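Visitor: Order-wise, the sequence lines are chains A and B. Quick note: the first sequence uses my numbering, first residue 1, plus one each step. Quick note: the second sequence uses my numbering, first residue 388, plus one each step.
The set of hints was computed from the structure by calculation and includes no laboratory data. Among the hints, a few may not be true.
Stated by the list, open to error - Label-pair restraints from in silico Cβ distances:
| no. | chain 1 | residue 1 | chain 2 | residue 2 | range |
| --- | --- | --- | --- | --- | --- |
| 1 | A | Trp-117 | B | Glu-571 | 29 to 39 Å |
| 2 | A | Phe-13 | B | Lys-466 | 48 to 58 Å |
| 3 | A | Phe-35 | B | Phe-457 | 32 to 42 Å |
| 4 | B | Asn-486 | A | Phe-35 | 47 to 57 Å |
| 5 | A | Gly-16 | B | Lys-520 | 54 to 64 Å |
| 6 | B | Leu-676 | A | Gly-267 | 24 to 34 Å |
| 7 | B | Asn-423 | A | Ile-264 | 19 to 29 Å |
| 8 | A | Ile-345 | B | Gly-671 | 20 to 30 Å |
If you're wondering where the values come from, they're calculated on a predicted model, not measured in any experiment. Note that CB positions come from ideal geometry on N, CA and C, so glycine has one too.
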Amino acid sequence: MSHKPYPLNKPFFTPGVYVMLIFMAAGGITILARFIGGIGYVSNLNHLYPWGLWIGIDVASGVALAAGGFTTAALAHILGRHQFESVIRPALLTAALGYTFVVLGLLVDIGRTWAIWKPMFYWNPNSVLFEVAMCVMIYLNVLYIEFIPIITERFKDKFSILDVLEKNLDKIMWIFVIAGVVLSCMHQSSLGSLMLIAPTKVHPLWYTPILPLLFLLSAIAVGYPMVIFETTVITSSMNLDSEMDTLKPLSKISIYLLGLYMIIKIGDMLVRGTYVYLFDFNAQTNAFLCEILLGVVIPWVMLCFEKVRGSRKALFFVSCLVIFGVLINRINVFIVGYKPFNSTISYFPSIGEILVTSGLIATLMFIYRIAVTWLPVLSAKEKEGGV
Amino acid sequence: MDLSRRNFFSIIAGSGTLLAGNSKNAHAWESKAPENPYGCLVDLTRCVGCRKCEEACNQANHLPPPDKPFDDKTVFDVKRRPDDSKYTVVNKFHSGKKNDQDELIPTFVKIQCMHCQDPSCVSACIVGALTKKENGAVHYDVSKCIGCRYCMVACPFEIPAYEYNNPITPQVKKCTFCFEKISESKVPACASVCPMEAITFGTRKQLIKTAQKRIHDDPGKYVHKIYGEKELGGTSWMYISDVPFEKIGFQKLPDSPPPKLTETIQHSLFSFLWSPILLYSILGGIMWLKNKDTKGGTDES
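This is chain B alone, in the form it adopts within the complex (with noise of 0.2 Å):
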């Protein structure tokens, strides 16, 4: 398929850099992911579909109402993405699975911001506006941002959106895993309310294990991966399917958070910018040769 080759040339195309990188000098990548944040663990063969979570998640961040209601199945008919006016969209997806009646099983997926580890969008941001916190939200400082967008360009799961139609001062929006509530170690809006359980809130290293379990217990059923737990690098929000995650618009990626590869030849490059004072004093070195050679013909121009 075309991704895989397209994310097998990334990656080597990433190490060969970073073995340059590394056998130069000593500006070895570290991540900089804290050690065990909060994070939800979304089961989607316990989704059913309700929209319950879309409709907390409106009002925990006072939303706009949306076009048509929350109990309305037929937004089911197109696929949605997250934008600023809704932070959390599910999705339904015909695998090819079959009941016993022969009828096709939907799969639904809700999709947020994945609240990567080492998020691409924390390292692209030109101020400083998005940070990792250490309870895991990927958080966003309006007072910083200018709206380059270059978040959006970065991030992998193509998340954050943009308010195009305000003139002056447009935000960038994406969930905020209820920055306010986690760190206060409450429950995130969607998970509280969802009342099939499909989301559990916990801190990453359990939801691993929850998942890890939950795949041990019922190997027949679900599908022997847990996505998000090694993508770029690990994300907070992490899925566990009976269904093959390629078939329910899951992008396959590979385990490098891409951070790593801008930082290493940013800072191998410009670490206590040595590489402009050497050019300089180089260029420096060959103007002075030359200027001396031809006395008198230097006159600036």
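Isolated chain A, as found in the complex (with noise of 0.2 Å):
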């Protein structure tokens, strides 16, 4: 299958647009409000509770789910499976706005947001946020590196400068696109690990020492999902034709990379004896009972089937389970297994949080608009007679 990715030129303004424009201008006051109030002022974080649905979603979650990336690059580029180049771009989009809005979310979410270079000139390696933010930080340049091919093939016409820029940016494109590899392993694993350092608040049902890696087979799986969830949306709300001849295959490939996740998941549950904790049923191991139930096995199953593949409705419904499964295993992680000693009452994020997370999300999904719409990211080709 050949593919040629293409701007959609689309009219912008839909009433799904003007939604998103409503939760970002919330957000942003929020936001607003932030700034002259504090922290406190719009949120429920506190002294036992510093991290909560900002650090999350916006960062944790936000990382894993923009490991579609990495993924489509690994498997088109680096595995030389040249029928996957067509989710490559979308792939590539998610990534490069998830990355910077993880970014926005964590100059929100620091007390001291100017002061956000500090990292670069102080360093301690003992910290695994240290390694975390610096692997963010170089990989976020990586994937700006990567995007622009997409740039320069739009608008090379007009500047002939861009074309040369283009052609020797092609020679050395394949260092990025390893490094982007090896950037987004080390710190989708490294994610995992910030938690360890508080073994005495986090509940062992998540408390283990192969966090790390956990947490990076997780990204793993949910990379491909996350691709299949994206094209779904963007094509039937564009009304292009699904793109399930590179979507099945993929598909196909989820049921090891899942398979994996889900045997080194409940195993270290096994092995560390924590599956006592299952018949407590409060709050914290129903959400892990529905972590991997809903997120992992059942999506496993059904991604067995043939028929489930086949099914552009089921596939999409099985994709939306897996990526359902890891913001929920993220979620968990940070703040429902979350639990100091002195703490007397849970956190529960406010409306101020939820505002700004929401129009955080509200202006990534503009942004991905905007740039399929002007600029050539998308190869599925119009659907002919349209509905």
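Hints are included, so try docking the two chains, each in its own frame, into the full complex.
Guide: This is the structure:
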């Protein structure tokens, strides 16, 4: 199947775009309030719960769900499966936007926003967070570099210098492609190491020394379902061809990736004997059951059926479950499973925190929409006859 | 009890990785604890809950005036935690112990930063704004801080507090161990003011001897434990008590310092960046092989 990405050039303002704009405005006002009144003014964060929704969703989940970028690059460029090239650009766009919003989320969350550059000069190599920060920073730049050809391709007719840039960049692009995969493996896993410093606070169902491995495997497992999810959403909302001939083989690979995660995750629980907690039936154990059954076991079983992989609707549903599973896992590790010894009331995000997060997600979707409209990202053909 | 079960699993989990790490290479973790730092020994049998230490701390650190005056005993109605306006608080517990007249005897417990020997916050801090000083203090340098609050996530005693209502220049706030004072071998404000001599300032080794002697001289009175001697690799502040520590708000903690696990993982994976370099080479090799097979089909997209 040949593919040629092209700008959609469709009418931009649809009802969905107006909804995004409303969320963006609400988020923007809340961010303004945060920089006037302080973090305490808009959030429920306190001395015992210093990390909440912003770290759990904007940062940890944002990074995990942007994993489609490096998993597709590894598949198509490094392993040479060129039939999957049509999904690389949308996945790359999601990753570049996702990581940009991780950084924007961090700028809201950290107390001294203006000091964000300091880790570049004050190093603490013992700190897991330091390594994560360095990798995310470098990887964001790698993603932007990988994105340059999309822009040069669009504008090179007008500016001949871009053509020269594109040709030269093309020769050394492999350096960045591999670097992107290596950096991703490093910080996806280290995000899991973050909570290992707090053995007394994280529930033993999640606190395991192989947490970094589980984070890496789950990020790899969610990469292709995320691509399937996005492609399906964008092709149906833009009325394009479903691209099932690319998505179906992609879902077959997911059986192995998700299966590996499932084996290690359940094996870890059995080896450490933490299944005894499953019979506590409290909020934490229910969240764990929900995560592992709805988010891992059920989608894996479904993926094993050829029928499911062949059906656009069923495959979309399975992808949603896998994404839900990883999302809920990150929320569990950073929020639900986190219970300080001295806490009397549990943390629940405030309206302000939710507005900031939803505003950032809406902005991300908005820019995605702009990019696919005017830049050559998507390859799916226009559906004949329309609906 | 749930907590001991939790800790049990954490320890099992931790030692498993350490074994795996050790057998593989020589990145054995070493404690960076100072040899014989200053510390304080709090003898809970002596504390009467006068809150003079809170007042002295407030003045020494120029903290805002309290909501209720320092001689107001109604503050004991609730369990308080140190925060950005108070670096130490005294709480009142009824452990069930009674006197001859069958009245409950309260136990007063002062809380502040424990100034761990191998502090989790120091290991966690992204920029190294927190450091463990030779004199024992866990010191905060605001000029490096970015406000990520990972120190608060890491602290097993849940001590560092944050100025959540400062929009631009918030700081992490916690007991400083009166850093300037102890640098000149002077006694910290709280210890110097205590009328009951419940807080003894000295070198850590000497304090452990003092504590052992007090327990030895009156074995019927004290619980045979120095809280902070071994917990998490040891702390500069230590406690002795006449009631079991679990009954008066102390968490049962393992002996292994949390940074041991995280630093072992980090250093065995990333020392000299060996794993990223190896992975890069392998992926590069695969890419070269695969693209050799499919000549011409490697157009970058």
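Visitor: Next step is simple, just say for each hint if it's right about the structure.
Guide: Hint-by-hint comparison with the structure:
Distance hint check for Trp-117 (chain A) and Glu-571 (chain B): the Cβ-Cβ separation is about 35 Å, which falls inside the suggested range of 29 to 39 Å. For Phe-13 (chain A) and Lys-466 (chain B), the hinted distance range of 48 to 58 Å is satisfied, since their beta carbons lie about 56 Å from each other. Look at Phe-35 (chain A) against Phe-457 (chain B): about 35 Å separates their beta carbons, and that is inside 32 to 42 Å. Checked against the given bound of 47 to 57 Å, the beta carbons of Asn-486 (chain B) and Phe-35 (chain A), roughly 56 Å apart, stay inside it.
Restraint check, Gly-16 (chain A) to Lys-520 (chain B): a C-beta distance of roughly 57 Å satisfies the suggested window 54 to 64 Å. Distance hint check for Leu-676 (chain B) and Gly-267 (chain A): the Cβ-Cβ separation is about 32 Å, which falls inside the suggested range of 24 to 34 Å. The hint said 19 to 29 Å for the Cβ distance between Asn-423 (chain B) and Ile-264 (chain A), and at roughly 45 Å that hint is violated. Separated by about 52 Å at the C-beta atoms, Ile-345 (chain A) and Gly-671 (chain B) break the suggested range of 20 to 30 Å.
Violated hints, in rising order: 7, 8; the structure is consistent with all others.
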